[in-house]
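Colleague: The lines below spell out each chain.
There are 2 protein chains.
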Amino acid sequence: MPETDVKIMFKLKELRTNKGLSQEGLARLCGMSLTNVRKYEQGKMKSIPFDTLANFCSKLECQPGELFEKVAI
Amino acid sequence: MPETDVKIMFKLKELRTNKGLSQEGLARLCGMSLTNVRKYEQGKMKSIPFDTLANFCSKLECQPGELFEKVAI
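Protein sequence lines correspond, in order, to chains Z and D.
Here UniProt numbering is used: the first residue of the first sequence is 1, the next is one more, and so on.
Here UniProt numbering is used: the first residue of the second sequence is 1, the next is one more, and so on.
I should point out that these hints are in silico values taken from the structure, not numbers from a laboratory.
Treat the hints with care, since some could be wrong.
Claimed, not checked - Pairwise CB distance ranges (calculated):
(1) Z:A72 to D:G25: 19 to 25 Å
(2) Z:K19 to D:G31: 25 to 31 Å
(3) Z:G65 to D:K46: 17 to 23 Å
(4) Z:K46 to D:C62: 19 to 25 Å
(5) Z:K19 to D:Q42: 29 to 35 Å
(6) D:G31 to Z:R28: 38 to 44 Å
(7) Z:C62 to D:S47: 37 to 43 Å
(8) D:K39 to Z:S22: 35 to 41 Å
(9) D:E24 to Z:S22: 43 to 49 Å
(10) Z:N36 to D:R38: 28 to 34 Å
(11) D:T17 to Z:G20: 30 to 36 Å
(12) Z:S22 to D:Q42: 37 to 43 Å
(13) D:T17 to Z:R28: 26 to 32 Å
Said to hold, decoys possible - Part of the chain Z face toward chain D, derived, beta carbon under 10 Å:
(14) V6
(15) L34
(16) E41
(17) M45
(18) K46
(19) P49
(20) A54
(21) N55
(22) C57
These figures come from a predicted structure and were not determined experimentally.
Glycine is no exception: its CB is placed at the ideal position from the N, C-alpha and C atoms.
The shape of chain Z in the complex, shown without the other chains:
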């Protein structure tokens, strides 16, 4: 894949904390492992399933766009 001048930040931690949820709380709500919640928040996940994105949007009551930020690199 050619060089890209932008990077995508995944803002799960920001939206989770805005909701007053702990990582454990979000993991339970989403039926996901705590390990995976932490990996998403630490930028260690290389990709995201559309179903997982839908699950986050549903539980965090947000739009998909709120979870992503395009930053120049």
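Keeping the supplied structure of chain Z fixed, place chain D upon it in accordance with the hints.
Modeller: Same frame as chain Z, now just chain D:
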């Protein structure tokens, strides 16, 4: 993963056509196979790498949020 009341639509075709790009053109721009462009447009991809999302946003000059739509199911 528990039932989710929403689904995420990936609006690559809409943004590509708004830019007047063919599937072949977008594939070339992104350094991606035509097959994969078609799979993203037909909803046959189950997940998306953050790098691929960055590449689409860069080449289509859009925000990540424009590529996704949350729909109730």
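Colleague: With reference to the structure, classify each hint as holding or not holding.
Modeller: Results of checking the hints against the structure:
Taken as a hint, the range 19 to 25 Å holds for the pair A72 of chain Z and G25 of chain D, whose Cβ atoms sit roughly 24 Å apart. Roughly 38 Å separates the CB atoms of K19 of chain Z and G31 of chain D, a value that falls outside the hinted 25 to 31 Å. Taking the beta carbon of each, G65 of chain Z and K46 of chain D are about 20 Å apart, inside 17 to 23 Å as hinted. The hinted range of 19 to 25 Å is satisfied by K46 of chain Z and C62 of chain D, whose Cβ atoms lie roughly 21 Å apart.
Taking the beta carbon of each, K19 of chain Z and Q42 of chain D are about 34 Å apart, inside 29 to 35 Å as hinted. Distance hint for G31 of chain D and R28 of chain Z: a CB-CB separation of about 40 Å, consistent with the stated range 38 to 44 Å. Look at C62 of chain Z against S47 of chain D: about 19 Å separates their beta carbons, and that is not inside 37 to 43 Å. Distance hint check for K39 of chain D and S22 of chain Z: the Cβ-Cβ separation is about 37 Å, which falls inside the suggested range of 35 to 41 Å.
The hinted range of 43 to 49 Å is satisfied by E24 of chain D and S22 of chain Z, whose Cβ atoms lie roughly 47 Å apart. Restraint check, N36 of chain Z to R38 of chain D: a C-beta distance of roughly 29 Å satisfies the suggested window 28 to 34 Å. At about 41 Å, the beta-carbon gap between T17 of chain D and G20 of chain Z misses the expected band of 30 to 36 Å. The hinted window of 37 to 43 Å between S22 of chain Z and Q42 of chain D holds, with their beta carbons roughly 38 Å apart.
Checked against the given bound of 26 to 32 Å, the beta carbons of T17 of chain D and R28 of chain Z, roughly 41 Å apart, lie outside it. Interface hint at V6 of chain Z: satisfied, since its Cβ lies 5 Å from the closest Cβ of chain D, which is below the 10 Å cut-off. A distance limit of 10 Å between C-beta atoms decides the matter here; for L34 of chain Z the minimum to chain D is near 15 Å, and the interface restraint is violated. Residue-level restraint check for E41 of chain Z is violated (minimum Cβ-Cβ distance to chain D is 13 Å; threshold 10 Å).
The beta carbon of M45 of chain Z is positioned within 10 Å of a beta carbon in chain D (closest approach about 8 Å), and the interface hint is therefore held. This hint holds: K46 of chain Z has a C-beta 6 Å from the nearest C-beta of chain D, less than the 10 Å allowed. Taking 10 Å as the C-beta contact cut-off toward chain D, the hint placing P49 of chain Z at the interface holds, the least distance being around 4 Å. With 10 Å as the threshold, the beta carbon of A54 of chain Z comes within range of chain D, its nearest partner Cβ sitting at about 5 Å, so the hint holds.
Evaluation of the N55 of chain Z hint against chain D yields a held restraint, the C-beta minimum of about 5 Å falling below 10 Å. This hint holds: C57 of chain Z has a C-beta 5 Å from the nearest C-beta of chain D, less than the 10 Å allowed.
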